[in-house]
Structure formats: C-alpha cells, structure tokens
Amino acid sequence: MIASVFAPWDDPTEKPLIRFKNVTKRFGNFVAIEDLTQDIYAREFFALLGPSGCGKTTMMRMLAGFETVTEGTIELAGQDIANVPPNQRAVNMMFQSYALFPHLSVYENIAFGLRRDKMPKDKLDARVSEMLKLTRLEKFARRKPHQISGGQRQRVALARSLAKGPKLLLLDEPLGALDKKLRQETQFELMDIQETTGTTFVIVTHDQEEAMTVASRVAVMDEGRIIQVATPAVIYEAPNSVYVADFIGDVNILSGTAKPAGPDKYFVDWGANQAPILATSERPFADGQECHLAIRPEKISITKDKPEEAENAVQGKVLDIAYLGNLSTYHVEMPGGKVIKAQTANTRRLSRRDITWEDPVWIRWNATAGVLLER
Amino acid sequence: MRRFALIALPYTWLLALFLVPFLIVFKISLSDIALAIPPYTPTIELTLFNFAGDEDLWWFQNISTYFSQISLAADRQALKVVMQGLDFENFIFLTTDSLYYKAYLSSLQIALISTTLTLLVGYPMAYAMARAPQEWRATLMMLVILPFWTSFLIRVYAWMGILSNEGFLNQILLWSGVISEPLTILNTDTAVYIGIVYTYLPFMILPIYAALDRMDDSLIEAAEDLGCSRMSAFWLVTIPLSKNGIIAGCFLVFIPALGEFVIPSLLGGSGTLMIGKVLFEEFFNNRDWPVASAVAVILLLILIVPIVLFQRNQQKQAEAEA
Chain A
1 MIASVFAPWD
11 DPTEKPLIRF
21 KNVTKRFGNF
31 VAIEDLTQDI
41 YAREFFALLG
51 PSGCGKTTMM
61 RMLAGFETVT
71 EGTIELAGQD
81 IANVPPNQRA
91 VNMMFQSYAL
101 FPHLSVYENI
111 AFGLRRDKMP
121 KDKLDARVSE
131 MLKLTRLEKF
141 ARRKPHQISG
151 GQRQRVALAR
161 SLAKGPKLLL
171 LDEPLGALDK
181 KLRQETQFEL
191 MDIQETTGTT
201 FVIVTHDQEE
211 AMTVASRVAV
221 MDEGRIIQVA
231 TPAVIYEAPN
241 SVYVADFIGD
251 VNILSGTAKP
261 AGPDKYFVDW
271 GANQAPILAT
281 SERPFADGQE
291 CHLAIRPEKI
301 SITKDKPEEA
311 ENAVQGKVLD
321 IAYLGNLSTY
331 HVEMPGGKVI
341 KAQTANTRRL
351 SRRDITWEDP
361 VWIRWNATAG
371 VLLER
Chain B
1 MRRFALIALP
11 YTWLLALFLV
21 PFLIVFKISL
31 SDIALAIPPY
41 TPTIELTLFN
51 FAGDEDLWWF
61 QNISTYFSQI
71 SLAADRQALK
81 VVMQGLDFEN
91 FIFLTTDSLY
101 YKAYLSSLQI
111 ALISTTLTLL
121 VGYPMAYAMA
131 RAPQEWRATL
141 MMLVILPFWT
151 SFLIRVYAWM
161 GILSNEGFLN
171 QILLWSGVIS
181 EPLTILNTDT
191 AVYIGIVYTY
201 LPFMILPIYA
211 ALDRMDDSLI
221 EAAEDLGCSR
231 MSAFWLVTIP
241 LSKNGIIAGC
251 FLVFIPALGE
261 FVIPSLLGGS
271 GTLMIGKVLF
281 EEFFNNRDWP
291 VASAVAVILL
301 LILIVPIVLF
311 QRNQQKQAEA
321 EA
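Taken in order, these protein sequences are the chains called A and B.
Going by the numbering used here, the first sequence runs without a break in its numbering and finishes at 375.
Going by the numbering used here, the second sequence runs without a break in its numbering and finishes at 322.
Next up, chain A with everything else stripped away, as it sits in the complex (with noise of 0.2 Å):
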C-alpha cells in the first residue's frame, strides 16, 4: 500500500511544496507566530491543531495571503509568495462560515471560481458537474445555499474550494459546525477525497481527534509556536513534552526526578515514601534530574489481586468509575493522593465486574508503557 510508506518528510531529496522560513507574526504588539520555521510537502494531509489563539489560523491565513508576514519569508513550490495576492494564489480556502454567497445557487458556487478564470462554457460545466459528484451533491444544483441542510453546505463549501484545483487547499475548522456523527463521517469523506484529488491539504483545528484521524501529520501549536509536529501515531505514543502528551487524549503525568538504572533505563523517584517506578527512556537523563513520566490510562491494567512479575505495581483504592459503554476509566487513588486513570476495554457483555467503588486495588504497567518527558 502506498499510502503506509507516504511518509516524504523522511526523504532528503523530497522538496516541499510549503516552507515557513522565520516566519514572524505581529499584530500590533501581540506576537501571534513566533520565529516558526516548517515544511509542508506535496500530498499531505497536514493538520494544525491548538487551543484558540495559539496561531494556527493566523498561519492558514497568511497561506491564503489574507495576512501579510512581519517577518520571514513562505514559499509555495519554491516561490516566495509575501508580494502576491490572495486572488492570485494557487491556493484556495474552505472557510469555517462556509462562506457561500446567499445569492447564487449550488451550482453558481461552484462554478464562481472557475468563472473569474473565464473558463469556456463548456469545461466550466463539466468541471462543476465533475465536482458535484465528487460531493454528491447533484440533486441540489439548482438549489440556493439556505434551501438544504448544514451537512451539505459543507459540501459545497468544499466543492468551490477544490473547483480551481488549487495546489494546496486550506480548511478552516472544516466540520465545526456538524454534529457529532456528522463529522465522523464526513472525516473520511474528506479523506477520501483528499486521495482522490491528490492536492495538499492543511486544516485547522482544536478537535484533536479530528487532526488524529484525517491527518498525515500534526503540528500540536501553543502561542504562536509548533511544539511538535509527528504522524498522528507518534505525537500519541511518543508525545515530545508534557504540553503535547496533555493535549492529546487522556494521559497520567507523574513527576519527579531520574536515576538512572541500567542502559535506557531509569528509576523514577516520584513520591515521598513510594517506591520508585521503572521506566525506559532513549532520550537520556542525569542523575537527579527533574522528570514528567507521561503514561495513557489504557496502558494500565487494574486487578483486585496482588500482580505476580510486574515491573511497576502501586496498590490504591478505586474513587470513582466512568462507564463509557465500550471502555471503562477507574479512577485509583494511590498512597500520597495522588489519581492515576486505569482503563480496561469492556470486551465481554454484561460480565459482572468485579471491582466497584472503594475497593482495594492493584495497578500495573510495564517499563515500556510511558514516555518519560524533561518538560
């Protein structure tokens, strides 16, 4: 399969389609990019994701030219592109309002683009036609943007935007405005139309299991900066820092200081009083030195009975259970007060559970189970 070895951020010889060069951001006195040097490559699915105000649709729209850059240089297919205008850019955008003009029919959207191009009449229908099916949206052709319904709109939003085949398109928070289930599928959608088009897509968002699922890399921003930017695989299991592992998902940080205990490994002295958890490293720590273990609560098994051969084994007391239908979160109050999430996958139906609210437990994880973080 092709797309498990897209992975052309790897490749030296690959050059981007994108690259941010220093770039600076000031609106005023309010630093909104801070020094940010990235490269975007051809074919990516590249997510930026943040809390609101981190910068990341200041970014996107300095890509669409609709903000100029304080300093630094961005470059699309190698052309500096700070002097071109947005109407001008091989660059195209899906706004968060979908922006679609209130006066002109679905099809008329589409086909606004395409007409500033002066296309002929001809290849301006069949491409409009073209991106309907994509979309499927030719039963509503005719109809004005207020006549169908949110999910839709989406679509068509999405159909002007591809229309002009722009070399890189630009989503801005795309599917903020679906419901839940909506979105899920619309995920994939876009996905799939991502593949099929072929062209760079670069999406904002704060909804991180949306960057998870359709992207090809996340960039994790926080005021103004990138402070990771890995496969989705990777800024889940191997989280560069405390900011990223707490972004993403449901994470247990314990902090404390390293010793150093073999080759890779560390002991982490955590608690007064507890004994010292077992943990595996590459990134290397001196003797003594302040460190944040990041463990995922599905990472940790929970019994009633003491484990036999576990590498790290606290004992507790269960506070409180999330049922969540597929899954169950305990929370385990450890000697010292400190929680710890455990979660078990509930694979078997209606079996009783055993543990319940004040019991005595057992948790446990191995060495290799957290990331061990300087900050």
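Treat the hints loosely; a few may be bogus.
Unchecked claim - Below 27 Å or equal to it, Euclidean Cα-Cα: the simulated DSS-like pairs (lysine-lysine) are:
1. A:Lys317 with A:Lys299
2. A:Lys15 with A:Lys123
3. B:Lys102 with A:Lys144
4. A:Lys306 with A:Lys338
5. A:Lys118 with B:Lys243
6. A:Lys317 with A:Lys338
7. A:Lys167 with A:Lys21
8. B:Lys316 with A:Lys144
9. A:Lys139 with B:Lys102
10. A:Lys123 with A:Lys144
11. A:Lys181 with A:Lys139
12. A:Lys304 with A:Lys341
Unchecked claim - Derived Cβ-Cβ restraints for the label pairs, each shown as a range:
13. B:Ser180 with A:Pro120: 32 to 42 Å
14. A:Pro120 with B:Phe91: 29 to 39 Å
15. A:Asp80 with B:Pro124: 34 to 44 Å
16. A:Pro85 with B:Asp213: 21 to 31 Å
Unchecked claim - For the chain B half of the interface with chain A, some residues (derived, Cβ under 7 Å), not all of them:
17. Glu221
18. Glu224
19. Cys228
20. Gln315
21. Ala318
By construction, these hints were calculated from the structure, which means they are not laboratory data.
Yeah, the Cβ is synthetic: ideal placement off N, Cα and C, and Gly gets one too.
Chain A is fixed; fit chain B onto it per the hints.
Just chain B now, with coordinates in the frame of chain A:
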C-alpha cells in the same frame, strides 16, 4: 381573541387615518366647485344619504351605508343610482389642461433623478459606515440621524442662505477664485435636487447600512480567494447582497420626493414644475377643492405602484431570511 385585538389595532389605524381620509378626498374629487364653506357641492351625498346634523359621525354612517348600499345592490337599480351619482368631470378636466400631466411627468423625472443622486451619495457613505471600526459606528449613525433633530423647514431655509447669489457657497467660491461671477443655483432645479438629496439621504443610508452591516466579511475574502479582484468582489458579492437595502432606500426616497412640496416651493424656481406645488396652488390659491382632490387621487394612484413593489420587496426579503 387576543390575536384579533392585535391585528385590529394596526388595521383600525390604517382605516381611520388612511382609508377614511382617502374616501373623503375621493368624495370631494367627485364633487362640484361652489362658493360655499366648504367650497364644494357634494354629489354622492345627495344621491345616497341625507345626513346633515352630526358632523362627527357622518363618515361612519357614510361608509357603512355606502357598503350596505353596494351589498344590497343585488338590486341593480340601486347600483345604477350610485353610478350615476359618480361624476368624473374633475378627472376629465385634468386631461384637458397640459399643466397637469406635465407636472406629473416633471415630478416623476425630478424624483427619479434625485433618487439616483441620493443613491450615488448614500451608498459610499453607508459602505464606509459598515466598514468603519465597531466603536465608531454608533457615532457615525448618530451623525446621520442628527439633522432630524432640527426642523425640516429650518434646514431647507438654511439651504436658501447657502445657495443664493450672495450665499455662503458663492462667497467661498468667489473668494477662492474658482469662479468670477456668482453662480445662480437657488430657484433652479439644481437647488431642488440638492434639497431632496440632502433631506432624504438618511432614508437611503440606513437601509443600505443595515444590509451591509449584516454581511459576513468572509464572503469578500472567499470571493478574493476564488480569483476576484477587490473591485469585482464588490460588484459580484457586495452589491447583490445589499440589493434589498438599495431597493428599500430608493423607494423611501422616491415616494416622498414624488409628492414633495416644500423643497420645490422654497428652493425651486418658477420653472420648477412639481405636482405637489400644483396641488397646493389648486387648493389654496384657486380654492378649487374638487380639482385639487382629483390631483391628489391621481398622485396616490401613481404612488401605489412603487409602494406595492416596495412591499413585495420587503416580503421577499423576509421570506429569504426565514
């Protein structure tokens, strides 16, 4: 019952202050001129009713009897009596004197030109207001409405002081050397245009501003993103989306401008022919109430066309927003 009361209120208002006065005017227009007080001899009243005494009540009874008369007119004879009673000679008279249709046409022309001018001046102002920073908008809106706090008559008189041969405008132009002879503006059609544009500008600005203010800025960005220049984005997106505001503003200016009386009398010259002025002269100078009423009825009929169009536009807009 509550719903009925709610609907009844505006309809009673319309009935009492629009339909009833109109019927009175219509009745007078069918009457004959007479040297009396009031200066006409009613023709329908004589054939239909014999109410004399109670002045306050007569129109109530007038109408009720009139309608019952019509409903009873299954008896055709009765209807014939009514029809014979209607005397359209005043309307026929209007067609015999070219003064009247010339005045109507000239009013239409002046109203059309001044509406266009108001649009040309008002649109950029509304656009600038809608684009202004949020904290300025209330102030700008205030400035647009502010002239209404002064009497309309005083403001028009003020224009006489500005536009006359020795007025401020000529003084400034002479002083700055742009002209060597004073311009004659007052008592010409130009002065009427200036007066109408000045007076009715807020009626143009406010609906256009409301339409532009509601518009989502990302639509312009989307148009630019899809290959529009700033200018073409304006023509292809901003103008169509403010269309309803433009139409509303144009009607709000056109309708009162058509029957305008004060501005042409004070600022216009002897050559300025407007139906409002003719109406005034018929009524007060000639004391010919029946002909004056006929002029007013025709004016209303001319106005009904744009008013109906305006209503339809409003309704369509409401439907589109629903």
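Right, here's what the structure says about each hint:
At roughly 18 Å between alpha-carbon atoms, A:Lys317 and A:Lys299 fall within 27 Å of each other, so this suggested pair holds. A distance of roughly 32 Å separates the Cα atoms of A:Lys15 and A:Lys123; the hinted pair therefore is violated under the 27 Å criterion. At most 27 Å may separate the alpha-carbon atoms for a hinted pair to count; B:Lys102 and A:Lys144 exceed this at roughly 46 Å. Restraint check for A:Lys306 and A:Lys338: the C-alpha separation of about 19 Å stays at or below 27 Å, so the hint holds.
Restraint check: the Cα-Cα separation between A:Lys118 and B:Lys243 comes to about 25 Å, which is no more than 27 Å; the hinted pair holds. The hinted pair formed by A:Lys317 and A:Lys338 meets the criterion: a straight-line CA distance of about 11 Å does not exceed 27 Å. For the proposed pair A:Lys167 and A:Lys21, the alpha carbon gap of about 19 Å is at most 27 Å, so the pair holds. Only pairs whose Cα atoms come within 27 Å are accepted, and B:Lys316 paired with A:Lys144 is accepted, the gap being roughly 14 Å.
Restraint check for A:Lys139 and B:Lys102: the C-alpha separation of about 55 Å exceeds 27 Å, so the hint is violated. With a CA separation close to 23 Å, the supplied pair A:Lys123 and A:Lys144 stays within the 27 Å bound. Distance hint between A:Lys181 and A:Lys139 is fulfilled; the C-alpha atoms sit about 23 Å from each other, no more than 27 Å. In summary, the hint linking A:Lys304 to A:Lys341 is supported, as the alpha carbons are separated by about 16 Å, within the 27 Å threshold.
Here the CB-CB span from B:Ser180 to A:Pro120 is close to 59 Å, at odds with the stated 32 to 42 Å. For A:Pro120 and B:Phe91, the Cβ-Cβ distance of about 59 Å falls outside the hinted range of 29 to 39 Å, so the restraint is violated. Look at A:Asp80 against B:Pro124: about 36 Å separates their beta carbons, and that is inside 34 to 44 Å. Judged by the Cβ atoms, the range 21 to 31 Å given for A:Pro85 and B:Asp213 holds: they are separated by roughly 26 Å.
A hinted interface residue such as B:Glu221 counts as satisfied when its beta carbon comes closer than 7 Å to some beta carbon of chain A; here the least separation is about 6 Å, so the hint holds. Because the closest C-beta pair between B:Glu224 and chain A is about 5 Å apart, less than 7 Å, the hint holds. Contact between B:Cys228 and chain A, as hinted, is supported at the beta carbon level, the nearest pair being about 6 Å apart and thus within 7 Å. At a threshold of 7 Å, the smallest CB-CB gap from B:Gln315 to chain A is about 16 Å, leaving the interface hint violated.
Taking 7 Å as the C-beta contact cut-off toward chain A, the hint placing B:Ala318 at the interface is violated, the least distance being around 13 Å.
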